[in-house]
Amino acid sequence: MAVEKRTLTFAVASFLVHLTLAFTPLHGTVPLGGHLTSPSGALLCPLAGEDFSYKRASGKGPYDWAKISPCCGGKRQSPRDIWGITQCVSQSTWLRYNSTRRVTGHVFNNGKHPEIHFKSPATAYLSGAPSTAGQYVLSNIHIHFKSPLAKGSEHALSGKLFDAEAHLVHYKAEYRSVREAVLHQDGLVVIAIFLEKVKASDFREGNVEIIRLINSLGTLKGIGEEHQIPHQVSLDRLLPTSQDYYTYEGSLTTPPCSESVRWIVFRNPVYIHSLQLKTLSRLESDDGGLMSDTSNYRPLQTGNTEVQRNFGCGVSDVVAG
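Its first residue numbered 1, the sequence shown is counted upward by one per residue in UniProt numbering.
Hints were generated in silico from the structure; no laboratory data involved. Keep in mind that a hint or two might mislead.
Stated by the list, open to error - DSSO-like, lysine-lysine: derived pairs with alpha carbons at most 27 Å apart: (1) Lys160 to Lys112; (2) Lys119 to Lys75; (3) Lys221 to Lys199.
With the hints as extra help, turn the sequences into a complete structure.
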């Protein structure tokens, strides 16, 4: 009887453990170094303060990131070379923010990228993003680049790279943070805006808000330094006047490389002064030296998700989106 009782007790305990696991929510339960897989096959990895580098031969560089986070070896990785697009997404509304209020914020050098954060992000909901439902909150803006004499954008258009690339990162409001959003396939929307330098004598009017923000980054000197933005930012003016864009499902371009991003890549660049690119190139890197010495962009990836466009579309070209 004692053996039967122990067997029964073990069986009941085992059943309760399996029942608990079956009904435990996925978010917040990913083990360190582990990942989730969405029903459609996207790899979802948690933010874990990964120690990574942009130096190719450091052992922690872009070609070794899959050793740091399993998602970096996934099949839906970003950035991409966008070319040969034939499908159109049905999108009748423009991308816009819900508020025309001007907000304050600060600039920060995290040693990898210059970042811009706003003090009132909860008021900045993005609407009109294709193939999404719900509201997305603007979290931060950061910039990828190389040296003033080389192309440093992450994405490419038909093989063409640009001088730099700004990313506007948004998380789905119901997930309440980027940390939680990376564990959901619909967690993030990232808007990519190419930056192209021209000589001051050839300068054409660009996106004034983005240009002013880059100028604010010039106040940063050391790693970890943070400064108040000396002006208020009009969020609704951050987006380019022309809203021609490409869109696809992809990943973060830094570890953990979670495949939780709906990318919106604007076709037309924003023009900046060559001096503004030099401002970025002077920022210090935690790899030693300046960010422009090693660059801060990830090499192009081969993703297997379809890229769509919202321009030059006839009725027969449109697919649901």
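Exercise. Is Lys221 within 27 Å of Lys199, Cα to Cα?
Worked result: 25 Å, holds
Exercise. Within a Cα-Cα threshold of 27 Å, do Lys119 and Lys75 meet the stated pairing?
Worked result: 36 Å, violated
Exercise. Keeping to a limit of 27 Å between CA atoms, is the pair of Lys160 and Lys112 held or broken?
Worked result: 24 Å, holds
The structure fails hint 2 only (numbered hints given earlier).
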